[in-house]
Amino acid sequence: MSFNNLDALYRQVIMDHYKKPRNKGILEDGNLVIDMNNPTCGDRIRLTMKEEDGKIVDVKFEGEGCSISMASASMMTQLVKGKDVKTAMELSKTFSQIVQGKEYTTDLDLGDIEALQGVSKFPARIKCATLAWKGLEKGIHDKHSM
Amino acid sequence: MDIHSIRSQFPILDQSVNDHPLVYLDSAATSQKPTSVINTVNQYYQEYNSNVHRGVHTLGTKATDAYEAAREKVRNFIHAKSTQEIIFTRGTTTALNTVAASYGRVNLKAGDEIVISYMEHHSNIIPWQQVAKYTGATLKYIPLTEDGTISLEDVRNTITNQTKIVSLTYISNVLGTINPIKEITKIAHEHGAIMVVDGAQSTPHMKVDVTDLDCDFYAFSGHKMCGPTGMGVLYGKQHLLEQMEPIEFGGEMIDFVNLYDSTWKELPWKFEAGTPIIAGAIGLGAAIDFLETIGLDAIHKHEHELVGYAMEKVSSIEGVTIYGPSAENRAGVLTFNIEGVHPHDVATVLDTEGIAVRAGHHCAQPLMKWLNVSATARASFYLYNTKEDVDRFVEGLVISKEFFHNVF
Numbered sequence: 001m002s003f004n005n006l007d008a009l010y011r012q013v014i015m016d017h018y019k020k021p022r023n024k025g026i027l028e029d030g031n032l033v034i035d036m037n038n039p040t041c042g043d044r045i046r047l048t049m050k051e052e053d054g055k056i057v058d059v060k061f062e063g064e065g066c067s068i069s070m071a072s073a074s075m076m077t078q079l080v081k082g083k084d085v086k087t088a089m090e091l092s093k094t095f096s097q098i099v100q101g102k103e104y105t106t107d108l109d110l111g112d113i114e115a116l117q118g119v120s121k122f123p124a125r126i127k128c129a130t131l132a133w134k135g136l137e138k139g140i141h142d143k144h145s146m
Numbered sequence: 001m002d003i004h005s006i007r008s009q010f011p012i013l014d015q016s017v018n019d020h021p022l023v024y025l026d027s028a029a030t031s032q033k034p035t036s037v038i039n040t041v042n043q044y045y046q047e048y049n050s051n052v053h054r055g056v057h058t059l060g061t062k063a064t065d066a067y068e069a070a071r072e073k074v075r076n077f078i079h080a081k082s083t084q085e086i087i088f089t090r091g092t093t094t095a096l097n098t099v100a101a102s103y104g105r106v107n108l109k110a111g112d113e114i115v116i117s118y119m120e121h122h123s124n125i126i127p128w129q130q131v132a133k134y135t136g137a138t139l140k141y142i143p144l145t146e147d148g149t150i151s152l153e154d155v156r157n158t159i160t161n162q163t164k165i166v167s168l169t170y171i172s173n174v175l176g177t178i179n180p181i182k183e184i185t186k187i188a189h190e191h192g193a194i195m196v197v198d199g200a201q202s203t204p205h206m207k208v209d210v211t212d213l214d215c216d217f218y219a220f221s222g223h224k225m226c227g228p229t230g231m232g233v234l235y236g237k238q239h240l241l242e243q244m245e246p247i248e249f250g251g252e253m254i255d256f257v258n259l260y261d262s263t264w265k266e267l268p269w270k271f272e273a274g275t276p277i278i279a280g281a282i283g284l285g286a287a288i289d290f291l292e293t294i295g296l297d298a299i300h301k302h303e304h305e306l307v308g309y310a311m312e313k314v315s316s317i318e319g320v321t322i323y324g325p326s327a328e329n330r331a332g333v334l335t336f337n338i339e340g341v342h343p344h345d346v347a348t349v350l351d352t353e354g355i356a357v358r359a360g361h362h363c364a365q366p367l368m369k370w371l372n373v374s375a376t377a378r379a380s381f382y383l384y385n386t387k388e389d390v391d392r393f394v395e396g397l398v399i400s401k402e403f404f405h406n407v408f
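Protein sequences appear in the order of chains A and B.
Position 106 (the first sequence) corresponds to 106 in full-length UniProt numbering; numbering is contiguous.
Position 223 (the second sequence) corresponds to 223 in full-length UniProt numbering; numbering is contiguous.
Only chain A is shown next, with the shape it has when bound in the complex (with noise of 0.2 Å):
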């Protein structure tokens, strides 16, 4: 039996964050929470971010949902834990590129998110895909508009 479609949705990268999601938890002295759930699917993460001095010291994730959203979600705290704030935009940006299958040129690392590329050829998952990341974008402008 062949699963070449799924295959490419379901790489063993992603697997591996959905089995094994790093950073998962709540981060005790953070000076952000961001909520995000998908209210047409029932998904939901919480972020718990450190943010000084325009950096993302420390980031951690809490949630429920399918393989993509929590690989996802993975996969972003790892990548941007430590960057600054404006590296992580750009990274965001990329990533909403990628899992739309539009092309895409970055000098910056991307870690493991290139796996989710697959996510574009299933665009009902799109969505769980950017949950985390849009949690992020929302964290980082609530933060710099106060």
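Hints were generated in silico from the structure; no laboratory data involved.
Among these hints, one or two may not hold up.
[Unchecked claim] With a Cα cut of at most 25 Å, we get these calculated DSS-like pairs of lysine-lysine:
| # | chain 1 | residue 1 | chain 2 | residue 2 |
| --- | --- | --- | --- | --- |
| 1 | A | Lys127 | B | Lys369 |
| 2 | B | Lys401 | A | Lys19 |
| 3 | B | Lys401 | A | Lys127 |
| 4 | A | Lys24 | B | Lys369 |
| 5 | B | Lys401 | A | Lys20 |
[Said to hold, decoys possible] FRET-style restraints, in silico, Cβ to Cβ:
| # | chain 1 | residue 1 | chain 2 | residue 2 | range |
| --- | --- | --- | --- | --- | --- |
| 6 | B | Lys387 | A | Gly25 | 43 to 51 Å |
| 7 | B | Leu59 | A | Glu64 | 52 to 60 Å |
| 8 | A | Thr40 | B | Asp255 | 39 to 47 Å |
| 9 | A | Glu64 | B | Glu395 | 23 to 31 Å |
| 10 | A | Gly25 | B | His79 | 54 to 62 Å |
Ideal Cβ placement from N, Cα and C applies to all residues, glycine included.
We have chain A already, so just place chain B on it with the hints.
Positioned in the frame of chain A, the structure of chain B alone reads:
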């Protein structure tokens, strides 16, 4: 029931999705439409599209006759006493909101109670939450038994003499439970409460007799019963509808308009402000003709057999949980989870096999909480589904399990 002849009347079913013949198991969300309905709607737009209850020209008369003939078809279909009791709405949601706003807000006060259940769709929860907030009334929930049914004992323990409205679904869109509406209506009436029924999942699948049920309001949607989207029905007992004020105002629903005050048309038109859903109503009439030709009892029996067959096969797969009652007391809905695999992932795998199911909370978040899950997957059956569809679905579940077992 000649299933091949039925399937041949649904052109959409004859296609491949992701290189597999389509298996459509999402009729509880919306049903497919037979050629007769599609042609009837087409014919209206191509041959006699006109506004109703206005002009004196020939097309206008033809459109008005067809629109009102659809009302009579609906009346006969649900066994209401009069077409004055049949109000055309946008769907079940609008129908329930009309009762909540026009009856609930006006007749309830602090200390009164509204009774619903844990298995309600959001559209039969939120309008009542709003009435409770607006009037100070209390919203109460009938608990569910372990297998996802409602016991009459729990009904009697929840409804009191303070209860003014009981609003329940006839069939759960998640569990497939068929509720004893006639008995519950009797209990509601003994306490002086009115009975509202959400018929979105029952009307397409079984014989409905609102006079025999003796319910006060009954709401349903056309698109789940082979009719067009954007079209639904509110049935209400005439003496109640007569006391109620419209919630929408404008053209079509008025008798006389003065500078500072106006009077309303008689029932049912006082509740149908603006140009109504003409094509939708005529299409719904065609859907009723179609369903009656096959027979609601035959449809119910067919779905009952399918869900029984599906439950037997699915429950033999290790690691699958089925929610809701046994096949005896269940409509054609099968909600489940595969251990360790999120329902979205199950739905995606099934989709790559050409099988359409729903995954998520099914607009029933309180029920998800009661089931202690964040989401589930659901297969729902209708008259055009076959045992082969069930076999493909079961194969798809095995593939899902196998796939996720392999990648982990």
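These are the hints, each one checked on the structure:
1. For the given pair, lysine 127(A) sits about 23 Å from lysine 369(B) by alpha-carbon distance, which is consistent with the 25 Å threshold.
2. A hinted pair counts as satisfied when its Cα atoms are at most 25 Å apart, and lysine 401(B) with lysine 19(A) qualifies at roughly 16 Å.
3. As the CA atoms of lysine 401(B) and lysine 127(A) are separated by approximately 24 Å, the hinted pair is consistent with the 25 Å bound.
4. With a C-alpha separation of about 23 Å, the suggested pair lysine 24(A) and lysine 369(B) falls inside the 25 Å cut-off, and the hint holds.
5. The straight-line distance between the Cα atoms of lysine 401(B) and lysine 20(A) is roughly 19 Å, inside the 25 Å bound, and the hint therefore holds.
6. Judged by the Cβ atoms, the range 43 to 51 Å given for lysine 387(B) and glycine 25(A) holds: they are separated by roughly 48 Å.
7. Taking the beta carbon of each, leucine 59(B) and glutamate 64(A) are about 56 Å apart, inside 52 to 60 Å as hinted.
8. Checked against the hint of 39 to 47 Å, the C-beta distance between threonine 40(A) and aspartate 255(B) comes to roughly 43 Å, which is consistent with it.
9. At about 28 Å, the beta-carbon gap between glutamate 64(A) and glutamate 395(B) stays in the expected band of 23 to 31 Å.
10. One distance hint, 54 to 62 Å for the beta-carbon pair glycine 25(A) and histidine 79(B), holds here, with the actual separation near 58 Å.
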